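Asker: Heads up: the protein sequence lines correspond to chains A and B, in order.
Using the working numbering, the first residue of the first sequence is number 1, and each one after it goes up by one.
Using the working numbering, the first residue of the second sequence is number 1, and each one after it goes up by one.
Hint data in this document are derived by calculation from the structure and do not stem from the laboratory.
Quick caveat, the model's predicted, so the values are computed rather than measured.
Any given hint could turn out to be false.
[Said to hold, decoys possible] Covered stretches of chain B (in silico footprint by chain A; criterion: 3 or more residues with CB under 8 Å from a CB of chain A, positions within the stretch not fixed):
1) 150-164
2) 751-761
[Claimed, not checked] Computed from the model, here is a short list of chain B residues facing chain A with C-beta under 10 Å:
3) D284
4) G445
5) S640
6) L642
[As the list claims (entries may be wrong)] To spell it out: a stretch of chain B is covered by chain A in this simulated footprint if at least three of its residues, at any positions, have a beta carbon under 8 Å from a beta carbon of chain A; those stretches are:
7) 219-232
8) 682-692
Each residue gets a CB set at the ideal place from its N, CA and C atoms; glycine is no exception.
As a plain string of letters, each chain reads:
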Amino acid sequence: MTGYLRPTSLADAVAARAAHPDWLVLAGGTDLMVNAPHRPVPAGIVDLWGCAELRGIARDGETLRLGAGTTWLDVVQSALVAAHAPILGAAAREIGAPQIQARGTIGGNVATSSPVGDSLPVLLALDATLGLASPRGRRVVPYRDFATGYRTTSLDADELIAAVVVPVPDAATRLSWRKVGTRAAQSISKVMAAAAIHVEDGVIAWARFGLGAVAARPIRAAAAEAAAAGRPADEATARAVADALAGEIRPITDVRSAADYRLEVAQALLVRFVLNAGRS
Amino acid sequence: MHTPSGGSVGKSLPRVDGVAKVTGAAHYLDDLVVPRLRHGVTVRSTVAHGTFDGLDLDPAFDWSQITVVTADHLGWGQGLAAGGLGQNHIAMLDTDQPALVPVGGRIKHVDEPLALIAAPTRALALAARAHARPRQTAQPAVLAIDDALRAEVKLYGDDNVFKQFLIRKGHATDDELEAAMAGADRVLEGTYHTGAQEQMYIEPQAMMATLDGGIMRIAGSMQCPYYVHKAMKVLLGCDAEQVVVTQTVTGGGFGGKEEYPSMLAAHCALLAQASGAPVKMVYDRDADIAATTKRHPSRVHHRLGLRADGTIAAIDVDVIFDGGAYLTLSPVVLSRGVLHAAGPYRCDVVRVRGRAVATNHPPHGAFRGFGAPQTTFAYERQLAKAARVLGVAPWDHRDRLALRPGDTTATGQVLERSVGTDDVLRAIREAAGPPPTRDGTNRHGAPVRRGRGHAFYFHGAGFTGSGEQRLAGRATVVARPDGTFEVLASSTDMGQGAITIFTQLAAEALGVPPEQVRVPDPATDHVPDSGPTVASRTCMVVGGLVDRAARTLRLRVEAWADAAGIKGDLATRAAAMIAAMIERGGGDLVGGGVAETVQYEPPPGIHWDDATYTGQAYPCYGWAGCLVDVEVDLDTREVSLLRCVHAVDVGRAINPVIVRGQIEGGTVQALGWAVLESVVYRDGKVANASMTNCIVPTFADVPDLETIIVECPYPYGPSGAKGVGEIPMDGPAAAVANALEDALGVPFDRLPILPEDIARALRPGGGAGGAGGGAA
Ligand SMILES: Cc1cc2nc3c(=O)[nH]c(=O)nc-3n(C[C@H](O)[C@H](O)[C@H](O)COP(=O)(O)OP(=O)(O)OC[C@H]3O[C@@H](n4cnc5c(N)ncnc54)[C@H](O)[C@@H]3O)c2cc1C
């Protein structure tokens, strides 16, 4: 018999996790169920779906706090997200289709840590942090240190993701997001990119570029960011950003797309983000 | 003569199967539960070419509840009645495809069935399969058309050619053809490739077999119960009465359930016999995509000889289809492909050569359009290029060249009636509107390029040549004592609306409300063989039989009732007639009612010569025009389909909503084939065998669709109807490619056209290559 627990508080969830380290943690199930037929039946399930404490979006000082159990539909419908992190809303709107958005959670996306997890480049561009909980207490880690390799993370075996915390960008920060997938909906990304570009008097003070589907894990494009910093948001800078990017990513060819296409499109997206930042 | 007054035809009667389907009351095969049921799974090959050396069963696994079948220890040749079997092949057009590769036998494709396993639960069957290891020796595989033609590795005969055709019009020798080509002012030459396409019906392949008192009962998801019936007779070595095949509620087919269900039925039957229990097999999606038939990848070389005035001096087409590992239906698919290859255009000198070749891909087979979409893509790309070099507007060009009554097709068929050219072109030109503005910016701030493409095409309705005569399809209409009328036909409803159309046609002909008409599930023990549910023939041909049977029945009942002085509606009069017949002993009752069965009769003047491929290739044609507006994002090379106008001549729309559904659905499938759908083969295996990666359009990918129903009645179709099922699939892909060339100024001659292909074409020095799978 498969065991089943449905904690209603984060504390209970952490306790359940600690008591059953070999059980599966289930949120919306939209990642887990896809692979269910290809995986042995788990010893038990800790179902987070009923944990109200994990769900919801709130303004907390200069940050937005999203509970790990917040669904993409919650994100799509949130006025706070629309006002302060519109690219997260844009990404949410393109995850699967409405049915998936109603079940899939931000915590699930972060924990699965797929290179094609659509929210992950956004979290990189927004420089989000994660609130993690375990029997040993709470800790906060910058999201940029979380994804360590192909579907691996720095989450400890007994840890749960409690929240995703997004600093509210200031008015001079231009946010961009674009997903390039296999079709218009229910689509796995071939390339996606998010940017936060801080522009003052037409000059880029700093930029954060988050990219997905171009490496084994979602990545920040450090060289491209460096190529943008301190430069005017113009064609020449855009070109320099594209060149720098070519030096730092090596996408692959698979059944969904081709390496040369992925690189070309990743470059084109960053070029567009820089040009758009200069225009607005 | 009584004029029917049912008033059903031309109205959009709601689908008679609709409520049960949307409420979930309809039982698909997988919903059926029977006592002692076993679940079957298939052990498949992992090499594209080689030998099957044996099956190792892990001794550590508990096999006590498991039935394992290989082709070896079965009683082939003894016959079902003797507790054995017939022959180990799937009887279709040839005998080359085994139900199971025998130990020591040749494996011809990846995912070929080697052994079968049945267990009381599906989980146990899957667990057992994980402990059954087939031993295989790999050999060099043939995975490209040119390698097949080189025939260094022989897969079929000496030349790897399953079938070839030659059509000659207006010339007797190749030299004469070349002379006509040389006389043209310019010759446009192009090579066109199309990839495989997965049908992606919503319900995967599903079947069940029960051996019950010496009778093998097969039930499942299928298009053609009598195809399965024929295959089972040969496999089991039994008489027609010892196999009963019933179609269960079927969730889509698109040709994918034309030949493959015979394989599934064979496997269920083998397991049912071996286990002594009913056996169900339902493919999971990944296996269904990997192992079952798809549209033939193609390479079509097309030469178009143009005179200075724009007319066509000569057409020469060379068609090659990748048939995959076994012959299956490739000859007939190729036949339709070559018969459409010259297009609906006037030309006195035509040569079409066609070959279907053997490769080590899983067999390719029937898919909506059946060979015509591949050749239509080639000729409509050629026509677009011709209009461009001639500087003629696309519709003007086609209008000038298109076939009209009195003109002859490539096979010398003189078109007499029901030629929709003028009506279709008028309708689509009126709806066209201004082309999209060329340059713009989208919501991402990215620059875009827009363009418009056109295509005009035809599609033969019904079986090719003398096929309908050979088939001699039958249908029955029965008046029952309870006041209902039953339509008995082996045509299946797979979601396309067949039983609703039959209901309307019978109601119209009988002059009764449609509520009094029922169409029971086809089962071979109580419906006549009306032929397969394919070839855009169900409404035109079988609907014609239903119409005629219903009229004959009505006349018979009315004549009897008039003579007997019985008044009232038809149901009342029929009930009185049945009562009188019962009084006389009931000898001539059929299933307790009065029945009329009619058989196909060809329209007058049909002549077809299979040897020379000349004559009336089809009794009539549907005609269609398609216009597509596209937008290409120049940052990402993504294609947005903005608008698609599709005008289709269907003869007469028996049910306009269903006809619209057929056109819209076929259009979306064609648009998907054009810009999204790619079956990626790697070493002969489908590398993207999942719905995640084998992309088909979603509603979000569907453009603004405008469907125009054009009605040029066909006098020998019921109420003037001809085919609609396939024609919408034929032309939109060419219209998309033409639109992309219009937008970007580079040619796209290979399907699918993915953003990766557009990127490659736009790179300096790039040609329009192809990342998509399919033919090499
Ligand atoms: C049809 C379909 C379309 C999809 N389309 C997209 C798409 O377009 N873009 C995209 O990015 N994704 C897509 N997905 C994947 C999926 O929907 C998302 O990744 C979603 O965010 C997963 O969330 P979930 O709650 O359903 O995760 P679950 O499946 O419940 O869990 C996923 C993983 O996260 C772990 N987990 C969940 N919550 C926590 C927590 N609080 N702490 C620790 N671990 C946790 C689970 O143990 C599991 O390992 C799609 C999935 C499907 C089925």
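Asker: With reference to the structure, classify each hint as holding or not holding.
Answerer: Hint by hint, here is what the structure shows:
1. 150-164: Result for this restraint: violated, n = 0.
2. 751-761: Contact hint for the region 751-761 of chain B vs chain A: holds, 4 residues under 8 Å.
3. D284: holds, 7 Å
4. G445: holds, 5 Å
5. S640: holds, 8 Å
6. L642: violated, 13 Å
7. 219-232: The restraint on the region 219-232 of chain B is violated, since only 0 of its residues have a Cβ under 8 Å from chain A and three are required.
8. 682-692: holds (count 3)
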